[in-house]
Structures are given as structure tokens and as C-alpha cells.
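*Asks:* Chain by chain, the residues run as shown.
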Amino acid sequence: MTPPARPPTLLTLLTVGLLTTGLTTPCGAGGADESRRPPKPPRLTVDEASPPLRISFISYANPQQVASDSAAICRYLEPYLGIPVKGFVSTDYGSSIEAMRYEQADLAFVDPLAFMMAYEQIGARPLLLEIYATGKPVYYSCIWVRRDSGITAIEDLAGKTIAFADQVDMSGHLLPRDIFVRAELLGDDQLANEFFKQVYFAGGDEQAVRAVLNGFVDAAGVSEFSYLLLRPEERDQVTVIARSVASPSHLVMARPGLPDDVTARFKQALLALDPNEPQDKAILDKLYGVQGFVEAKFSDFAEVAAIAARFGFVKKPDVFAAEPGQTGP
Amino acid sequence: MTMTMNSQARSRVTRTRSTLLATAVVMGLAGSVPGHVIPPENLHPVAEAYRRATFVLNLNPVVWEQVETDVTAIADHWRNIDPDAAETFEAAAGRIIAAIQGEPGGPTPAPEPPDRREAAAAVFTLLTRAVNAIGQAKLDVARQDLGSREPVRLAMREAQGVFASFDDVLLATDPIAFRAQGQRWLELSSALGTAGLLGRGEVPFQRQRFDRAATAISAYVDANFGTAFEPLPARALAPWPARSPTFDASAVLPAKLPPGSNINKQLPRPRQVLNMATRGVDERETVLIALGDMAFDSTFIFGDPARTVGLSCNTCHNKSMTNPILFVPGVSRRPGGIDVSNSFFAPHANNGHFDPLDIPDLRGIRFTAPYGRNGRFVSLREFVRNVIVNEFNGPEPDPMLLDGLVAYMFEFDFLPNQYLDRNGTLRDEASVAARRGETIFNRPFPGMNGASCADCHVPGANFVDHRRHDLGTVGHAEPYARDGALDTPTLLGITYTSPYFHDGSQPTLRAVNEWFNTSFELGLSPSELDDLTAYVETVGSGIDAYEDTTFTLQAEMEEFSFFLSAYEFMAQRSKTDLLAMTFRTIAFEIRAHRWDLQNWTHMPVLDRLARLMDDAVAALEAGDVQRVRALVGEYRQTYEEHRKLLI
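Line by line, the protein sequences are chains X and Z.
With numbering that gives the first Met the number 0, letter number 36 in the first sequence gets 35, and the count goes up by one each step, no holes.
With numbering that gives the first Met the number 0, letter number 340 in the second sequence gets 339, and the count goes up by one each step, no holes.
So here's chain X without its partners, still in its complex pose:
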């Protein structure tokens, strides 16, 4: 599976609401709390003989850049972990999860859907959620239309065409589809399309939102950030008519069995990153440009697990209502 478009790193979620529909932003998952940012862990001498910690970094467009960035991240982590840290680049979540299944990866950067499926299948644990520019570890999906289309509500899309990004895509399919399900315009038991004249999968967020811009389709259901993939002079030609529930942000997950002391030191090293400190900011910029991290909780995924379950991607959504240790896959 090709990873869906990653939320642009530093966007204010509030922006889209204000710019397009006037919607306000619910808090969703817990926000960043600078007062709770821990200090960096003590620096250790790196035991070169120790087996390395292996981290799978996902590449969305430029594997060479991600490889370069990941090397810097590994260098940052090593003295805090006291063991060698090796990064490698995956271009799809499936590969990351399979690597974790066979203990070729200890940690992986994934999206919520990949995590939930990895939890169910191999018992992966959520460690850290990324914080976007709102200071919140959440994002939304939206229904986009041309501003001059006369379409102002999702009910107006009856008998019209829509493009999603990809079939297996949380922000580019499941979340926006859920908007129609909640409005009882689509059935919730299958990937039914009876409400629309035609449903397309454009292959990515940009292709989908550009299909709206060019008039190939009447609407697109993709990430709230997708309009930023358009050129500045094109962006005002599209607008949002509906927004999904909040989804937890992309995250770092750990393989089962990774020692707790390693995960604890890893988490502390990243949680301590302060975007207001230039040295830390440089590290965050290489970590997909996020503003920081917060600890991930299973309950962060409860709502999107139910959505993913509705479409057959998650089998036991209820387990995400409890925290690790209280239940298992």
C-alpha cells in the first residue's frame, strides 16, 4: 500500500475551518503541554557492540531525503539510548509492519490505520503521537468542492461524482467516507457507493483535489491539508463543505517485546524536543517537520478504530477503548 499523503507538517488545523467553512476546531486528542515536556535523558556512552535499535521511517515522496534525515535522527538518539540506532526507509506501511513482525524493525513511523492493523496482527504498541502546528496531535479529513460549484452541503452531492485518494487510506478515504455514513447518505456496512453517480480513487490527495479543481469530479474526500498541494493561485478555487471527526495524528509504534527501558528512553528523547530551541527544531524538521510529540494512548484511537472496523480494516475496535496492559490484540 502506498502511504497516503502525510499531513503537511506545520499546518494549523484551525486554518482550514476558518478559511473555508467557518467551522471551529474541537480539541480532539490531548494537546501539547509544554510544562509537561520532560528533560532529555542522561547521555550515555554508546555500546557499539550492542544490537542496534532499528527504526523504519516512512517516505512519502523523496526516499533519499528521508534517508538523509533519518541518519541525523539516529545520531541524535544514540547517546540518549546508549546503543547504536539504525534507520531505514520504507515506502509503504505494509513493509514497515512486516519488518516489525519479523523483528527487522523495532520502531516505525506509521499512520493511525497502519498502527491499528499492526496492533491487531502483531501486537505493536503506540508510543508517540506527532504534534502539528495547532499544538494538537490530530488531523481531519474534508469534503472539497469547487467554490463556484454551488454545492454547499454533502446532501447536494447526491448523484454526483467524488474522488477519494486511495481505497486503503484513513484520511483519503475512510474518514471522509464516514462523513457520509454519519449523515446516513451512505450505508455503513460496506464500501457502498449508491449515493454517488461515480466514485473514483485518484491515487493521491493531490490528484483528488486537482480533479475537483479541473472539474473532473464534483467533490473530493481527502485530507484537510490537500489544498496546499495546489498552487497558491489555485487554492481559493476549492472549498470545504464538511469535515470529519478528528483522527489522531501519525505516530511512532514499537514492536512487541522491545524492552521497556529502551522505549522509555526513546520516548523521553523525543518528548523533550522543544520546537522553540533551534537545535531541537532542526531535529523536528527532519522528523517530518512536526512540532513535537505527545505520548500516545490507546484511547486516542477509539473513534477511528470504530470507523476502520466499519469498513473491515479493524476487527476488534473495542480493544482501543482500553490502555495497554489492560487488554491485548
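Hints in this document: simulated from the structure, not taken from any laboratory.
Because the structure is a prediction, the values reported are computed rather than measured.
It cannot be assumed that every hint is accurate.
Said to hold, decoys possible - Taking lysine to aspartate or glutamate pairs in the DMTMM-like style, the calculated list, with each CA pair at most 20 Å apart, reads:
1) X:K196 x X:D155
2) Z:K255 x X:E232
3) X:K159 x X:D147
4) X:K314 x X:E294
5) Z:K643 x Z:D547
6) Z:K255 x X:E233
7) X:K39 x X:D259
8) X:K314 x Z:D354
9) Z:K574 x Z:D614
10) X:K85 x X:E233
11) X:K159 x Z:D529
12) X:K196 x Z:E640
13) X:K39 x X:D260
14) Z:K574 x Z:D547
What the hints assert, rightly or not - If you anchor each label on the Cβ, the simulated ranges turn out as follows:
15) Z:E229 x X:E183: 39 to 47 Å
16) Z:Q207 x X:D155: 26 to 34 Å
17) Z:E86 x X:G158: 31 to 39 Å
18) Z:R626 x X:E154: 32 to 40 Å
19) Z:R626 x X:E276: 34 to 42 Å
20) Z:L644 x X:A320: 37 to 45 Å
21) X:G149 x Z:G93: 39 to 47 Å
22) Z:S573 x X:G158: 24 to 32 Å
23) Z:L644 x X:Q236: 23 to 31 Å
24) Z:L252 x X:G149: 22 to 30 Å
25) X:D187 x Z:Q625: 52 to 60 Å
26) Z:R333 x X:S49: 49 to 57 Å
The beta-carbon is built from N, C-alpha and C at its ideal position, and this holds for glycine as well.
Please arrange chain Z on chain X, whose structure you already have, making use of the hints.
*Replies:* Same frame as chain X, now just chain Z:
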């Protein structure tokens, strides 16, 4: 107008924490560039080469070197698929280009217009058919059973990228087919299905659906741009879909610059030194200067196509300084230069030969007459009028507008230079090397008939002599022609305006000095050249040459407010056209800069301000003077209420 940035540019000031954070939001979102920067179109290399070559082939003269480069790029891409076809194509295009260019090393008289047009059309035909063939081949690959989705997806995306060569013309002239083709591409990507994730969510590949859509895409493109393609007679060279039943032959192609163009401006911006502002004058009381400032930033003083593509005086002379990154293929030879007597921006004033000029710095322009690289205009007013009417195809400007432009430009000061005294002599603070160089600068050279550098670049006269000299840098029209004299440029500010010479042929000041040393047999040693260069660099430097921030919105908004300070003056004189131009310019500029806003939650304020200016134009056209006044008042009030947020 400011639509530029050098992505390498760095802010050189410490900003508040919140500002940095907010800026990072914008920068990160917009791909690390401010919103007013026009990013290049994301085109497949074949589409990029095709569109650029098409643009250049429509020019007079055709810059055949550029066309050759693009032919090669397309041939190289085709070579990976069909080496023989690529070879045949490149050889055929090469023969045409060689024939029209004449013998290598021989005289290159301008070809007869029919010959040029015929050659251009022939190369364009080959290019169009080649693009079709490459796209068809990619689509054929996608239609083969490749065993897995990914190679199919890649081939499909490549085909789509190659066929995008024609998209802008299809959108303008055959929108029905453009949409149908777009939906077929969506059919293709949808038909691919998905392998799912970890065994869940798999959607099978729908072969028949895929083939059906691919066949339809192929048929339309091949019918219009395949082996039967010929350019339309008496029309611009463009991929007109003439065989499409829905082709609108009356449609007009919007003006567009070719791929590889860059009309953005450098960031941080050059520091503009306006004399009256430095003296602390209240800008709201300098109405004519305000009008000139607006006109200098306005694309609406020009005609098409400059207006459509958004050029203004400020595009080339950013904050009065040279824009070193401006480049338009076929019209520029190198960044920072442009042929202003070309057939694209003003066909009627084309001089028919390719003579791009390095964009001059306008700082201190009131001291540097005459104007134009060859000093052909004694009057700045006449020079400016010629730029508007002839170089950029604009309407005859209102006399008040010309007065305003001249008043504004006469405020452009040189950068202050702490190393120079009033007479242009180095102060003691200058480096030892520079002071040694000053001696060389003033030394008479036999190779220059006993003249010194200072004889032309007179230190006591802002380093100009107001004369023209033929130094041999201009290629003559014929042997012994006396058409090579150029105006002596000032050396003030020159450190920031590379490249050098009228055609930008010298990349550094050291290279300039070496050229003089060789051409005039000055006999300077390498260390003397170092000293002379240190001197020229010292003379050419200035205090705070660039703004200390890359964030320009706050300054731009203040400037728009300044534009509007001329409202009452123009309204009292019923200068309706100038008022409309002012309102349009402000609205245009706000929209060009809205993505620079560091906190996008305030964007509705910018949108409201732009709409107020739109409404003012409408009210003006309706003759509703009271409403115009009310709207201007509302703009001022809204801006004042929110000015601290609009940063």
C-alpha cells in the same frame, strides 16, 4: 508587487518565538517558500521541454539553442523506449535547426521570416508527434500484464505526465474533451484497485475497465497529435486539438510563461532607500510619489501579455534594485537579464534580434542620466513611457501617472556607503587593499589612451560620466559599424548586482577587471587585480543592502495603504482610470501576498480588504462616488483595526 523569493535566502534577524513558529507554519505548508512565490509547475520532463520549446518556437527570433536543448531532452526520454524513433526524430529536427542557423562559425544573418516560420512549424510538428508517441508508448506499457500494480501505476502516471504537454491548450480550446480525458485518467487509477494492507481491503485490478479508459485516452490524443498532426495555418504554434468534434476554434490561449521561467524576486528584499522617507517625511502627504509607487508595483500599467502573467516594474527592478533571478526562456540569456525588444511582450516593438540586457539597478537614478543601456533616452519620463507603451505593450499612460512614476523613481537613493566621502574618495576606514586599488583606479593606462578607470567612473560624480563609450563589448551589426556604445554605469551598489556588463556576460567584479586588463593591456598583476577588485567592491557596497527579514507582508500592507493615500487627490480631479488602477492593484497585490500571512486565521481580513477594493472598482465603474468614498474609508478603518495582525 513582490512575488519572489530566493529559497536559499535566510532571515538575518532574530524574531520573536511566536513569529518564528507562525512563520514556520506558512513555510512548511507552502513547501518551504512564502505564498507569494510562484512555484514552478510540476511537469513531466517531456511536457516541460515540449511546452518550453513551443513557447520559444513562437518567438521572433527563435532561440534555436534552447529548442535544440529541448529536442534533445525529449529524444533522450524517447530513446529509452524506442531508440530508432528517437534517433530519427532528433536527426530530423537537428537538420531543420542546422539549416536555419546556417553554417557553424559562418555569418548568421537573420533568416527570412517565411523560412523561420516554416522551420519553426516543422520542428513543432516533429515535437508534437514525438510527445504523442512517447505518451502512447508509456500507455501501452501500462496496458501490458506487468504482474503487479506498481509498474502499471508508474507507467500510467508517466503517460499522464507526458500527455499533460497538451493540457493547457485542451483546457482553453476543448474543455469538454479536457474533462472527459481527466475522468478517464480517474477511471484508470480507480481500475488499478489496491493490494490492501496486511491482507485487508484488497480491491482487484479491473482489467477491462482499465483497458477501456486507456483506449479512449489514447484515441483522443492520437487522433489530434499523432502522425497526422499539422499546425493550424495562420495560428500560433500550439497543439490545437483540431480533429476533436468539440474543439472551439475561436478560443484564445491565455498568455503563459514557459516552464523554466522565474519572475519571482529575491528574498530578503533589497533595502529600498527612498530619500523623502529617510528624511522622515509623512508619506501620506506625498501624493504624486504614492501614485508613482502604486504604478511601479502595478501590472495594470502594462498591456498583455505582461499584465496577464503579472509583470510590473517591480518584477525586474525589485525595490529599485536589479532582480538577479528573473529568467524567461527564449527571452533571457541568463538570470537577471531580459530582451525587452522581443516579440512576446510587444510584437509591434520587436527589433527582431535576440539582445537580452542585464537588468539595471535603479538606485540613484536621478544622478545617472542618460537612460537605457545605450543611453538612448535623455529624459527618464520618456524612457519610462517607452517601457510601458513599447516594451510591455501598455496603453498610453496618463500624464499624471508618468509624473508619479518619475517622482517616485527620483526618490531612489543609492545605498549609503560609510567608506566613501562626498567626493567619492575612500575614507580611512576602507581596507588597505581597497586603498591600493583606488590608486590603480585613478592610474592612467596607455592601453586606454592614457585614461584611467576614474575618467569614466568619476568618483566625484557618483562614478558616472554621463557619456557613452564603445568598449568592444557589443557585437557590431557589420564591420566598422558605430553601434556599440553604451552608457557608463555607476559603480555604486554594484557589489549586489552581478552579473555585469550590458549582457551579464561577466559573472564577478574580478572577471570584469580581468576583462579590462586583457582587453586594454593594462598590465595589472594578479595582486593588483585583487586590489582593484577590493576597491570596486568597497565602492559598490552599502549599509544594510538587504532587509533584515524575509517576511514582507507587513511592509507590503503598509505600502498599499500608502498607495491609497493618493485617493483624495485623484478623486478631486476625477482621475477615474487612475483610481481604478489603484484599487485593482491593491486587490491584486493583497491576493498575491495572502499566503505570506504568518497566522492564517487572519486571512479573512485580507480577503475582506481585497474585496473592498473590488467593490470600489465596481462602484467607480457605476459612477457611485459616494460608495467609492465609503469603501475606501472602510478599507482604511479595517486595515487600521487589524494592521498588527497582518504580518
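*Asks:* If a hint holds in the structure, say so; if it doesn't, say that too.
*Replies:* Each hint tested on the structure:
no., hint, in the structure
1, X:K196 x X:D155, "12 Å, holds"
2, Z:K255 x X:E232, "14 Å, holds"
3, X:K159 x X:D147, "16 Å, holds"
4, X:K314 x X:E294, "24 Å, violated"
5, Z:K643 x Z:D547, "19 Å, holds"
6, Z:K255 x X:E233, "15 Å, holds"
7, X:K39 x X:D259, "17 Å, holds"
8, X:K314 x Z:D354, "70 Å, violated"
9, Z:K574 x Z:D614, "17 Å, holds"
10, X:K85 x X:E233, "41 Å, violated"
11, X:K159 x Z:D529, "71 Å, violated"
12, X:K196 x Z:E640, "48 Å, violated"
13, X:K39 x X:D260, "14 Å, holds"
14, Z:K574 x Z:D547, "37 Å, violated"
15, Z:E229 x X:E183: 39 to 47 Å, "56 Å, violated"
16, Z:Q207 x X:D155: 26 to 34 Å, "32 Å, holds"
17, Z:E86 x X:G158: 31 to 39 Å, "52 Å, violated"
18, Z:R626 x X:E154: 32 to 40 Å, "38 Å, holds"
19, Z:R626 x X:E276: 34 to 42 Å, "53 Å, violated"
20, Z:L644 x X:A320: 37 to 45 Å, "42 Å, holds"
21, X:G149 x Z:G93: 39 to 47 Å, "53 Å, violated"
22, Z:S573 x X:G158: 24 to 32 Å, "54 Å, violated"
23, Z:L644 x X:Q236: 23 to 31 Å, "25 Å, holds"
24, Z:L252 x X:G149: 22 to 30 Å, "28 Å, holds"
25, X:D187 x Z:Q625: 52 to 60 Å, "57 Å, holds"
26, Z:R333 x X:S49: 49 to 57 Å, "55 Å, holds"
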